[in-house]
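Make the full structure from the sequences, and use the hints.
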Amino acid sequence: MDRLEADFCVVGAGAGGAVVAAELAEGGARVLVLEQGPQHDPDSFTARPPEMLGRLYRDGCQTATVGSPPILLPLGRGVGGTTLVNSGTCFRTPPHVLERWAEEFGLELDEATLAPCFERVEQALSVAEVTPELAGANAEVARRGAERLGWSHGYLRRNARGCVGSGVCVFGCPTSAKQHTGITYIPRATAAGAQIVTGADVQQIIVEGGRARGVSARLADGRRLEVRAPEVVVACGTIHTPLLLERSGLGGACGQRGGNLALHPATSAFALMDEDVDMARGVPQSVYIDEFASDGFMFEGAAGPPAYAAMVLPLTGERHTRAMADYRRLAQFGLMVSDESRGRVHAVAGRAVIRYDLCDRDLAKFRAGLLRMRELFLAAGAREVYLPLAPGARPESARPRDLKLMAFHPLGTARADARATHGVTDGDLAVHGTLGVHVADGSVVPSALGVNPQLTIMALATRLAFGLLGRAVSSAPAPAGAHTSANGRAS
Amino acid sequence: MSDGLDTFLAAAPWPQRAGLRLLVALVRRPRGAALLARAPLVEQAAWSTLTLGRYDDPAVGRALGWDAAAVVERGRALRRAEGRP
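Just so you know, the protein sequences line up as chains A and B, in that order.
Residue 315 in this note's numbering sits at position 315 of the first sequence; the count goes up by one each step and never skips.
One gets this note's numbering by counting positions in the second sequence from 1 and adding 1000 to each.
Be aware that one or more of the hints could be misleading.
[Unchecked claim] Derived coverage of chain B by chain A (criterion: at least 3 residues anywhere in the stretch with Cβ under 8 Å from a Cβ of chain A; other residues may be distant):
no., stretch
1, 1006-1013
2, 1029-1042
3, 1058-1068
4, 1071-1085
[Stated by the list, open to error] Reference listing, derived: stretches of chain A covered by chain B, where coverage requires no fewer than 3 residues with Cβ under 8 Å from a Cβ of chain B:
no., stretch
5, 40-54
6, 164-174
7, 263-274
8, 323-330
If you're looking for bench data, these hints aren't it; they were derived computationally from the structure.
Glycine is no exception: its CB is placed at the ideal position from the N, C-alpha and C atoms.
Next comes the structure, spelled out in structure tokens:
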């Protein structure tokens, strides 16, 4: 058995783990990061969807929920985690969500408290608004529709630097323009002395006398590794963090471990336009429409190469073939629901089983959202609109099983709540009832956000790291080389 | 089946892998396709997987205005020119 020692052992190198590791290491701590997946080499990115889905995603992008309807849940695997394969969209936590967290979960996380955390993250990730030139014609279709209907909309803010609109954010950015944590925070962590071990499958958190002593892991070559560390930060992601806590006998007293799962279920529609759209030219997710955010749904861009479009296009047979023959004139846009449905994750034979059923209120949001989606495309001048429904189903009467859904934002399975009887973690993201175990990923987020969560997760991770160091969060620039000016170019 | 689709299927857990391979085999045959048409969501899964491989063919992509190799080449050149990771 191999043995290593550190002040902090961080399990996972995604949105939360990478941020915690870098901030702790730069703060002078000895940090060891254990990542289950590999370090991906951007030279191996091919911009070809099936191959990249198989290599960059957990389970080859075949993770799905069990329930009505089944929902595909793409999760990244490797250094960078899901930030490697997401669209790069950056939203701060909406203020009304923070207010709800204070009232319902006793979390002292107001805008002012989190502002320096967000500033620090946004600077590290070069977050800036997409320019109209980079957004591409697919975004222009949606923007035109929203303009004509008078709907609130805008260009999204993203973590990209020197982006040229390759159109394959979710299949591995070939230009390394997307500032995922594998090329931002992880290099900062290693430069500050942190050690990263890939291919390390953490089996258990070692707890003695009510306090963390480290973790045990199995390496890719079958060897066992034991890490001795008085502080463990769990950042395996919303699906796998509760399973590690369960294997370790931690966080279960409140009955919430693995529960409270929110997903932001989503879908997308296509439209046949008169003009060439060439949807894969430009930033796939570059425009949002938030006119209906208070009704619980929002529209965001979606697009990709022909193989991706063929996979997602909600048609079969001859209709599919005909629509794909017009690929260059196809536009696509996404619909995301801020869900009230709640699911649960548990382990069966060591694998995650994710149970999630769409509740009636969320079904109503999808019905309304699909009707609005058709309205949007028709206003933009679409000849035909292809909604993601089973043949013969209509939006206004769609049943859960008629919907073709995916979800990109799992949250809440180790939710933070100031009360030990209601949450797995407390307001400082420490696991209730055990010393020295903290959580830094989407699992602590106690409710659906209604917006993409990566910035929220990173801001919470920043706050956690500074808390562990016993320092106030500084919004001062991170080390040289990690910064850009507002236009996304190195300063 | 394309190499890319093989990579995609090989990475899936065995139940999904076996299921998708079966669906792709069925949807390629007229009688299998007719059978799948009775279960729309299953038929959609079969078509999604089949066409993910079909439209990944570089020649098919180029005919639709998409050249993956050119996108990758441009990306690599930019990374090297600007010293990106």
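Between the stretch 1071-1085 of chain B and chain A, see if three or more residues pass the 8 Å beta-carbon test, and mark the coverage as holds or violated.
holds (count 10)
In terms of beta carbon proximity below 8 Å, does the stretch 1058-1068 of chain B have 3 or more residues touching chain A?
Coverage by chain A holds for the stretch 1058-1068 of chain B (6 residues, Cβ < 8 Å).
Residues of the stretch 1006-1013 of chain B with Cβ under 8 Å from chain A, three needed, outcome:
holds (count 7)
Please count how many residues of the stretch 40-54 of chain A have a CB within 8 Å of a CB from chain B and say whether that reaches 3.
holds (count 11)
Chain B covers the stretch 164-174 of chain A, three or more CB atoms within 8 Å, holds or violated
holds (count 6)
Tell me if chain B covers the stretch 263-274 of chain A under the three-residue, 8 Å CB rule, please?
violated (count 0)
Verdict on chain A covering the stretch 1029-1042 of chain B, criterion of 3 CB contacts below 8 Å
Contact hint for the stretch 1029-1042 of chain B vs chain A: holds, 4 residues under 8 Å.
Taking a Cβ-to-Cβ distance below 8 Å as contact, does the stretch 323-330 of chain A have at least three residues touching chain B?
Holds: 3 residues of the stretch 323-330 of chain A have a Cβ under 8 Å from chain B.
Of the numbered hints given earlier, the model fails hint 7 alone.
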